[in-house]
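Participant: Chains as they are written, first to last, in the UniProt record's numbering: chain A, 1 to 329; chain B, 1 to 405; chain C, 1 to 298.
If you are wondering where the hints come from, they were derived from the structure by calculation, not from laboratory data.
Remember, it's a predicted structure, so these values are computed and weren't measured experimentally.
We put the CB at the ideal spot given by N, CA and C, even for glycine.
Just to be clear, a hint being listed does not mean it is correct.
[Unchecked claim] Restraint-style ranges between C-beta atoms, simulated for each label pair:
id, chain 1, residue 1, chain 2, residue 2, range
1, B, Pro370, C, Trp68, 18 to 24 Å
2, C, Trp68, B, Lys381, 40 to 46 Å
3, C, Leu71, B, Asp378, 26 to 32 Å
4, C, Ile285, A, Val40, 49 to 55 Å
5, C, Trp169, A, Leu216, 42 to 48 Å
6, B, Arg184, A, Asp222, 46 to 52 Å
7, B, Pro370, C, Gly70, 15 to 21 Å
8, C, Trp75, A, Asp221, 55 to 61 Å
9, B, Ala339, C, Pro12, 57 to 63 Å
10, B, Asp378, C, Arg176, 58 to 64 Å
[What the hints assert, rightly or not] Pulled a few chain A residues facing chain C out of the computed Cβ check, cut under 8 Å:
id, residue
11, Ala135
12, Phe142
13, Trp297
14, Gly303
15, Phe306
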Amino acid sequence: MASESTAGPMPAAIAEAQGMWGYSRAQFVALIILVAALIVGPYFLYPVFLMKLLCFALFACAFNLLIGYVGLLSFGHAAYFGMGGYIAGYTAKAWGFTPEVAVIAGAVIAGLQGWVFGWIAIRRQGIYFAMITLALAQMVYFVCVQAPFTGGEDGIQAIPRGRLLGMFDLNEDMAMYWFVAAVFLAGFLMIHRIIHSPYGQVLKAIRENEPRATSLGYRTDDYKLVAFILSATLAGVAGGVKSLVFGIATLTDVHWSMSGEVVLMTLVGGLGTVFGPVVGAAVIVAMQNYLAEMGAWVTVIQGAIFVTVVLAFRRGLVGEIANLLKVKL
Amino acid sequence: MEINRRSLLAASSLAAVAPLSRARAQGQTIRLGVLTDMSGPYRDSTGPASLLMTQVAAEEFAGRGFTVEVIGADHQNKPDVGANIARQWYDQGMDAIVDVPTSSVAFAVNQIAKEKNKVFLNSGAASSDLTGSQCSPNTVHWTYDTYMLAKGTGGAIVRNGGDTWYFVTADYAFGHALQRDTSRFVEAAGGRVLGASRYPFPQTTDFSAFVLQAQASRAKVLGMANASGDTINTIKAAREFGLHRTMKLAALLMSSTDIHALGLDAGQGLLLTEAFYWDLNDRTRALSSRVRARNQDRPPSQVPAGCYGAALHYLKAVADMGAAAAKADGRAAVARMKAMPTDDDAFGPGRIREDGRKLHPVYLFEVKTPAESSGPWDYYKVAATTPAEEAFRPLAEGGCPFVHS
Amino acid sequence: MLELIETITGVPAPLLFGQVLLGLINGAFYAMLSLGLAVIFGLLNIINFTHGAQFMMGAFVAWMLLAWAGLGYWWALILAPLIVGFTGVVIERLMISRLYKLDHLYGLLLTFGIGLIIEGVFRNQFGSSGLPYRIPPELSGAWDLGFMFMPVYRGWVVISSLVVCLATWLVIEKTRLGAYLRAATENAALVQAFGVNVPRMITLTYGAGVALAALGGVLAAPIYSVNPQMGTNLIIVVFAVVVIGGMGSILGSIITGFGLGIVEGLTKVYWPEASATVIFVIMAIVLLTRPAGLFGRA
Chain A
1 MASESTAGPM
11 PAAIAEAQGM
21 WGYSRAQFVA
31 LIILVAALIV
41 GPYFLYPVFL
51 MKLLCFALFA
61 CAFNLLIGYV
71 GLLSFGHAAY
81 FGMGGYIAGY
91 TAKAWGFTPE
101 VAVIAGAVIA
111 GLQGWVFGWI
121 AIRRQGIYFA
131 MITLALAQMV
141 YFVCVQAPFT
151 GGEDGIQAIP
161 RGRLLGMFDL
171 NEDMAMYWFV
181 AAVFLAGFLM
191 IHRIIHSPYG
201 QVLKAIRENE
211 PRATSLGYRT
221 DDYKLVAFIL
231 SATLAGVAGG
241 VKSLVFGIAT
251 LTDVHWSMSG
261 EVVLMTLVGG
271 LGTVFGPVVG
281 AAVIVAMQNY
291 LAEMGAWVTV
301 IQGAIFVTVV
311 LAFRRGLVGE
321 IANLLKVKL
Chain B
1 MEINRRSLLA
11 ASSLAAVAPL
21 SRARAQGQTI
31 RLGVLTDMSG
41 PYRDSTGPAS
51 LLMTQVAAEE
61 FAGRGFTVEV
71 IGADHQNKPD
81 VGANIARQWY
91 DQGMDAIVDV
101 PTSSVAFAVN
111 QIAKEKNKVF
121 LNSGAASSDL
131 TGSQCSPNTV
141 HWTYDTYMLA
151 KGTGGAIVRN
161 GGDTWYFVTA
171 DYAFGHALQR
181 DTSRFVEAAG
191 GRVLGASRYP
201 FPQTTDFSAF
211 VLQAQASRAK
221 VLGMANASGD
231 TINTIKAARE
241 FGLHRTMKLA
251 ALLMSSTDIH
261 ALGLDAGQGL
271 LLTEAFYWDL
281 NDRTRALSSR
291 VRARNQDRPP
301 SQVPAGCYGA
311 ALHYLKAVAD
321 MGAAAAKADG
331 RAAVARMKAM
341 PTDDDAFGPG
351 RIREDGRKLH
361 PVYLFEVKTP
371 AESSGPWDYY
381 KVAATTPAEE
391 AFRPLAEGGC
401 PFVHS
Chain C
1 MLELIETITG
11 VPAPLLFGQV
21 LLGLINGAFY
31 AMLSLGLAVI
41 FGLLNIINFT
51 HGAQFMMGAF
61 VAWMLLAWAG
71 LGYWWALILA
81 PLIVGFTGVV
91 IERLMISRLY
101 KLDHLYGLLL
111 TFGIGLIIEG
121 VFRNQFGSSG
131 LPYRIPPELS
141 GAWDLGFMFM
151 PVYRGWVVIS
161 SLVVCLATWL
171 VIEKTRLGAY
181 LRAATENAAL
191 VQAFGVNVPR
201 MITLTYGAGV
211 ALAALGGVLA
221 APIYSVNPQM
231 GTNLIIVVFA
241 VVVIGGMGSI
251 LGSIITGFGL
261 GIVEGLTKVY
271 WPEASATVIF
281 VIMAIVLLTR
291 PAGLFGRA
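If we strip away everything but chain A, and leave its shape as in the complex, we get (with noise of 0.2 Å):
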């Protein structure tokens, strides 16, 4: 379809804006360096470090669908993707189940619980949605800390990576982060797919103007519990591998400090943006981990870092990047 925008006899223009694959020639390029640096990654950093801000990239893709694409702040994501982490654990754990079943187990619960909590929570709008996502996020918390198969406080430990389709021994470090990172990039142009059809068209007339989406005949309340299942579904698949890869599954990633972390992300990296919730998690994971030597400090600087964001760069990294280079990223 590429040689097609400048074989054809389309107007430079039109094809700059239909772009190739439906991203624009910007979007293309930061595309391609994206995979680029998912290739040479592993080679220049720790690659336990590479996978886990992968995990936390797709977590905050699955959010930023939701808030940057339907306008929908939900305070209370951690609740798909810790479940998706304790299901794909426990699943691999005490059943034996191979890693991609275990993602995927952890990702069916994780979108079961977005069907039931989307279809409470879309009935409000604004910060009462935030508010209702919050309170039932508050009862996993609960039932986490409460059933036996989650472990409590300990959480599940020793959760083994196992086999992927029962071939690929992912024990090995770079063999672990082929898988998530192809988990990755499948989730990520997944989320670009969507936003980019016909549906991804509808939900943005939603985000800008609700009562006319209504009167063009659009059952709104559809499309939007939609979004909330594909949300909270990547968020469990993201729970899922982490899971994995630190052989471990755990409280902190249904807290709602979890909850507020990913807002973190994709606010730092750009709201709406396709590839800020990826630089937001870059950062914000960078920092936790090379700055857990500085102690205490850490919260002041986190806290720092959000003041300085929503003071003056309101569209986040990749926003501002877009706003300076007037392209879309």
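Starting from the known structure of chain A, arrange chains B and C on it as the hints suggest.
Facilitator: Leaving out everything else, chains B and C in the frame of chain A:
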């Protein structure tokens, strides 16, 4: 090697940007990473003091043919953060991880140390499972555990007539373990447990409701199966509601830093169990006078003292077997630690058992009244001493899989 | 009668009364904190996530006044809210005032970030295990109520909090200043046109809301451990209280604060493990049945 603050910072920033470079051709470097709570509720009883005491051990053991590097990091009491740092440290040349308060994080590090064949010197975590069902040939558990705390405090109080108990328990693994272990000793000594309130951890600030339920139970002893700020708030509420007039308060895990925060007014008369107190004997006093100026003018409390003892003994074992061999095989280093008798200023002579349990005497302390105390940090008098061999869970009862007795 | 209560509830009546009373005391803190949040939200349209940190600052300033200046509890009760309120004014002028035209989300994120900074700085300075602060001698001791010992200090907390809440409500509903405030909430430009300095009024309102949080902190200092994370656990509950009461509703937040305190107290009798979650269950139910909260206007 002199370790001052600046070289420490340099070392930590080095660790941050690049994988630790391989040791230089001659003169091996042993690397110790103190993974601890720098920002959460246990910061004062572990945290910077644990880092400092590990450095002190490294300084006191300088110049034996290898250099020692110590760096610290904050695990934020999150198992995944701790696991992440531990994995990275071990992969990039760290030889031993020290301290690790909070049992859930300790279990994660325990697994990784075994997987990577490195050394894990635990001082701060409480769960006795670390030398029981979860035991590992790469781990030494130094300072205390739930079994010892339960036996030290529970057993002693029943003997003094406190035979009916009510528990206020933090609703997580550590609280449950402490309640379970203490109940066993209470019942074994002929006492009875009348009830328990499990409260949400860590979201609870007001404990008066549970104090009142304890009062209504008419038990003689209030067992506090929690830690740190929660214990302090429970004691404050108990004082306020006059509970101390009818019930004895038993803090199952408390450190001298908690007593400092509580104040002697509210803390006087409390019974608690610790393995170390700075004013026990000449050696402990000498140790604390050596470090006090560098520790915000505080004497060390038991967990940092445990870091000191564990790190010192590990370095002795390294010197004994040769740094290269110790770096290559964590299991062998721990085996050597177990083979050598321990001796340090904090805990005196002792030994490490096959399952990784460090054995030393354990003390039941009573908190002084304001009149008895000569000033800040003069808080305890010894109420009873349990000899090393009796203080901890017998080897056979632990269920550690690799111990064949 | 007492036996009847016991048969119905399954709990001895004195214990039940005691728990309700304790719930009321905790409710006093919820009410005072959520009142401050509601006042700020009503006029500034900002969800002040720094509130927990400002509550904690109140307690710490009380401790500093005693330790460094020798000023006791009664001085702290007046000075700490003023001092912390002043820091609130500075924060509003320097930072929050830049966000009024934007979505709620940004205000929430900004104040959340400020809260993290404050908490981190205090933790570095004072450690984590907290500092002792004594109950003032005038308020120590306890009353024997027959079914329980009621510490004098807890009674003082309930009464003073009720007084403060009612006074705030009166100021907003019954005075000229309150009328300006309410008018500015509806239409700031119009009130400005009448010659009222609206920006200054907004700044002072934020300062007052923060001062309420600090006052709560001083009241809490003698009974809870004065430590940097003392506000963290409260803020999310208080936030729920405000939502249940109806965002921006003054009376709603007061009544809900006390009410939820009691509900939480009763949960501690029957299912203590769930006592931190029950408030969120109520919040979800309320939002689904009455979207604007119990006392809010849609």
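Participant: Run every hint past the structure and note whether it holds.
Facilitator: So, going through the hints one by one against the coordinates:
no., hint, result
1, B:Pro370 <-> C:Trp68: 18 to 24 Å, "21 Å, holds"
2, C:Trp68 <-> B:Lys381: 40 to 46 Å, "32 Å, violated"
3, C:Leu71 <-> B:Asp378: 26 to 32 Å, "27 Å, holds"
4, C:Ile285 <-> A:Val40: 49 to 55 Å, "52 Å, holds"
5, C:Trp169 <-> A:Leu216: 42 to 48 Å, "46 Å, holds"
6, B:Arg184 <-> A:Asp222: 46 to 52 Å, "57 Å, violated"
7, B:Pro370 <-> C:Gly70: 15 to 21 Å, "19 Å, holds"
8, C:Trp75 <-> A:Asp221: 55 to 61 Å, "57 Å, holds"
9, B:Ala339 <-> C:Pro12: 57 to 63 Å, "59 Å, holds"
10, B:Asp378 <-> C:Arg176: 58 to 64 Å, "59 Å, holds"
11, Ala135, "4 Å, holds"
12, Phe142, "4 Å, holds"
13, Trp297, "7 Å, holds"
14, Gly303, "3 Å, holds"
15, Phe306, "3 Å, holds"
In the structure shown, a violation is registered for the earlier hints numbered 2 and 6, in ascending order.
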